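Numbering-wise (my numbering), the sequence shown opens with residue 220 and increments by one.
No lab work stands behind these hints: they were computed from the structure. Treat the numbers as computed from the prediction; the structure is a model and nothing was measured. It is possible that some hints are incorrect.
The calculated EDC-like cross-link candidates involving lysine to aspartate or glutamate, where the alpha carbons are at most 20 angstroms apart (straight line), are [claimed, not checked]:
1. Lys251 with Asp232
2. Lys280 with Glu226
3. Lys280 with Glu298
Each pair of labels, with its calculated beta carbon distance range [stated by the list, open to error]:
4. Glu327 with Pro305: 16 to 24 angstroms
5. Pro304 with Ser278: 14 to 22 angstroms
6. Arg228 with Ala283: 29 to 37 angstroms
7. Glu279 with Pro313: 21 to 29 angstroms
8. Val303 with Gly229: 49 to 57 angstroms
Even glycine gets a Cβ: it sits at the ideal position worked out from N, Cα and C.
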Amino acid sequence: MSVSFAEIRGETDGVFSEGCSTRTVLDHIMSKWGVLVLSSLSDGTLRWGALRRAIDGISEKMLASTLKTLCDDGLVHRESFPSVPPHVEYSLTPLGRDLMERMLPLVEWVAQNAETMIRPETRPAA
């Protein structure tokens, strides 16, 4: 590692403390659905239905809420096209792409190591 968490915290007074915007953004990015939405969009622009199919188990309400949060944070762009039926596409903003360049190695590490980290008796049934 090139930088420690202590160094990051020392650079800015109160960073990651309770009530700090850094903690709020981290919560949005690393939430159960946030990381999956961002990871899915890292492959390119997706429409609502394709995004929902890409994220197994997410409800329409949770997808809508997560997308709104990530759009408000400036990580996801929502583009609506005037057509019938409505056509909406979601993509990563430049900030979102920059984030995912850093986060995809973590996602890859989790995919490679999850099975060895979770004891068999605690794994969800397939």
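Hints, one by one, checked against the model:
1. With a CA separation close to 28 angstroms, the supplied pair Lys251 and Asp232 exceeds the 20 angstroms bound.
2. Restraint check for Lys280 and Glu226: the C-alpha separation of about 39 angstroms exceeds 20 angstroms, so the hint is violated.
3. With a C-alpha separation of about 19 angstroms, the suggested pairing of Lys280 with Glu298 holds against the 20 angstroms cut-off.
4. Taking 16 to 24 angstroms as the suggested C-beta distance range, the pair Glu327 and Pro305 does not conform, at roughly 35 angstroms.
5. About 21 angstroms separates the C-beta atoms of Pro304 and Ser278, a value consistent with the hinted range of 14 to 22 angstroms.
6. The given range of 29 to 37 angstroms is respected by Arg228 and Ala283, whose C-beta atoms sit roughly 34 angstroms from each other.
7. For Glu279 and Pro313, the hinted distance range of 21 to 29 angstroms is satisfied, since their beta carbons lie about 28 angstroms from each other.
8. Checked against the hint of 49 to 57 angstroms, the C-beta distance between Val303 and Gly229 comes to roughly 55 angstroms, which is consistent with it.
Of the hints listed earlier, those the structure fails to meet are numbers 1, 2 and 4, in rising order.
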